[in-house]
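Trainee: Sequence lines, in order, name chains D and S. Here the first sequence stands for residues 16 to 151, where the numbers follow the working numbering. Here the second sequence stands for residues 1463 to 1601, where the numbers follow the working numbering.
Hints were generated in silico from the structure; no laboratory data involved. Wrong hints could be hidden among the right ones.
Not the full set, but computed from the structure, chain S residues with beta-carbon under 8 Å of chain D [stated by the list, open to error]: (1) G1494; (2) R1497; (3) V1502; (4) L1509; (5) V1510; (6) G1520; (7) Y1524; (8) T1551; (9) I1555; (10) A1577; (11) I1580; (12) G1581; (13) F1587; (14) V1588; (15) V1589; (16) G1593.
Pair by pair, the computed Cβ-Cβ distance ranges are [said to hold, decoys possible]: (17) S:G1520 with D:K34: 30 to 36 Å; (18) S:I1477 with D:P60: 49 to 55 Å; (19) S:L1490 with D:G150: 28 to 34 Å; (20) S:P1568 with D:I63: 39 to 45 Å; (21) S:Q1569 with D:K34: 25 to 31 Å; (22) D:I111 with S:R1475: 34 to 40 Å; (23) D:F149 with S:P1568: 53 to 59 Å; (24) D:L123 with S:P1521: 40 to 46 Å; (25) S:R1475 with D:A128: 45 to 51 Å; (26) D:F149 with S:E1570: 35 to 41 Å; (27) D:W134 with S:L1490: 49 to 55 Å; (28) D:V59 with S:R1475: 45 to 51 Å.
Just so it is clear, CB atoms sit at the ideal spot from N, CA and C, and this is done for glycine as well.
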Amino acid sequence: MSGITPDSAPKHFRTALAKVRGRGAAKSGTGDFWMQRMTSVAGVPLTIMAIVIGIFLLGRNQAAAAQILGSPLVGIIMLLFVICTVVHMKIGMQEIVVDYVPDESTKLTLLLANTFFCWSVGVISVYALLKLSFGL
Amino acid sequence: MADTLDRRAPVTRPISPHLQIYRLPLTLVMSGLHRITGFVLYFGMLLVCWWFLAAAQGPNAYAKFQWFAGSIIGQIVILGYTWSLIHHTLGGIRHLIWDTGRGFGPQEREWLAAATIIGSLALTFVVALIGYLAMGGSR
Ligand code: HEM
């Protein structure tokens, strides 16, 4: 069992890259970890701006709301907010699922539902914002 | 085994953290709240999505959204969403500070946890107040 002698001791302690690629409970490696940090950093200013814009739109009628949401600066900020958030929340929910769901098939079903939900919310929001900007 | 236990003097002090004397650490509560608010915000994006879509669709669709937003339930949902968003963002900033390797000391931890909850409640109050005034105060 303990065959470790000075001769056979490992020369280095890093696991070979090929062995860790695609590992982790969601089989996605460290890419998601980094993406979660990036969307968090970007999320801070975007969230603050989204809240300010939200306050600005309170109580306005549809014509005014559509005009403001369709203006270039507000439209771009909201597009960035939505894209950043759906990427962030997909990884976040994936983390919650793999933490609490040990059963492999239930886990995969929930991960699939998560992906569908985030893509749907993202695409519908982006569609609405583009329509407001370009009146497609 | 049973023999040893029998001969031991009765223990009178609490032998493990007990429900009645256990103080829930603030840092633990904040950790849980970060996850719960993240979960709430996930479904809250449906509200944001509906808002954009209603504005893009036209006056009738927007009127439906505004009817919901103005109802008691809508007001509670929006207030909860606002607090969740602010709390989760402050909690997220705390996570980002940790990612730089800072903020793990015994006092820093407590300080950051307290700042997160006090900050989120205070900022939510300010945002709600501005929103209330923007809607024309009590009508
Ligand atoms: C509406 C916007 C947002 C949604 C829907 C959202 C959603 C989520 C979800 C579902 C999680 C997983 C929770 C967990 O694993 O405990 C999460 C984690 C996280 N969120 Fe957000 N979030 C949003 C905004 C933000 C913002 C603006 C920040 C800015 C700092 C942020 C920072 C973080 C961080 C750092 C984590 C990882 C926590 C950890 O590693 O345990 N989030 N988010």
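Trainee: With reference to the structure, classify each hint as holding or not holding.
Mentor: To see whether the hints hold, each was checked on the structure:
Annotation: S:G1494 was flagged as interfacial toward chain D, and the flag is violated, the nearest CB pair being 12 Å apart, outside 8 Å. A least Cβ separation of about 7 Å between S:R1497 and chain D falls short of the 8 Å threshold, and the interface hint therefore holds. Contact between S:V1502 and chain D, as hinted, is not supported at the beta carbon level, the nearest pair being about 11 Å apart and thus beyond 8 Å. Taken as an interface hint, S:L1509 does not check out: its beta carbon lies about 10 Å from the nearest beta carbon of chain D, beyond 8 Å.
Residue-level restraint check for S:V1510 holds (minimum Cβ-Cβ distance to chain D is 7 Å; threshold 8 Å). Against a cut-off of 8 Å between C-beta atoms, the interface hint on S:G1520 holds, since the closest Cβ of chain D lies about 6 Å away. Among the interface hints, the one on S:Y1524 holds; its C-beta lies about 4 Å from the nearest C-beta in chain D, closer than the 8 Å criterion. For S:T1551, the interface hint holds, the least distance from its beta-carbon to any beta-carbon of chain D being 5 Å, beneath 8 Å.
The beta carbon of S:I1555 is positioned within 8 Å of a beta carbon in chain D (closest approach about 6 Å), and the interface hint is therefore held. Hint status for S:A1577: violated, given a least beta-carbon distance of 15 Å to chain D, over 8 Å. Nearest Cβ of chain D to the Cβ of S:I1580: about 18 Å, over the 8 Å cut. The hint is violated. Look at S:G1581: its Cβ only gets to about 13 Å from chain D, farther than 8 Å, so that hint breaks.
For S:F1587, the suggested interface contact is broken, since its CB lies about 14 Å from the closest CB of chain D, more than 8 Å. For S:V1588, the shortest C-beta to C-beta distance to chain D is roughly 10 Å, which exceeds 8 Å, and the interface hint is violated. Against a cut-off of 8 Å between C-beta atoms, the interface hint on S:V1589 holds, since the closest Cβ of chain D lies about 7 Å away. With a least beta-carbon distance of about 6 Å to chain D, the hint placing S:G1593 at the interface is held under the 8 Å criterion.
Separated by about 56 Å at the C-beta atoms, S:G1520 and D:K34 break the suggested range of 30 to 36 Å. Between S:I1477 and D:P60 the beta carbons are some 51 Å apart, a value that agrees with the proposed interval 49 to 55 Å. Under the hint 28 to 34 Å, the C-beta atoms of S:L1490 and D:G150, about 50 Å apart, miss the expected range. Against the hinted window of 39 to 45 Å, the Cβ-Cβ separation of S:P1568 and D:I63 comes to about 31 Å, which falls outside the hint.
Between S:Q1569 and D:K34 the CB atoms are about 41 Å apart, so this pair departs from the stated range of 25 to 31 Å. Between D:I111 and S:R1475 the beta carbons are some 39 Å apart, a value that agrees with the proposed interval 34 to 40 Å. Separated by about 55 Å at the C-beta atoms, D:F149 and S:P1568 satisfy the suggested range of 53 to 59 Å. Checking the proposed 40 to 46 Å range against D:L123 and S:P1521 shows it holds: the Cβ atoms sit about 43 Å from each other.
S:R1475 and D:A128 have their C-beta atoms about 50 Å apart, which keeps the hinted 45 to 51 Å range intact. Between D:F149 and S:E1570, the C-beta spacing of about 48 Å breaks the proposed range 35 to 41 Å. The hinted window of 49 to 55 Å between D:W134 and S:L1490 is violated, with their beta carbons roughly 34 Å apart. As the Cβ distance of D:V59 to S:R1475 is approximately 47 Å, the hint placing it in 45 to 51 Å holds.
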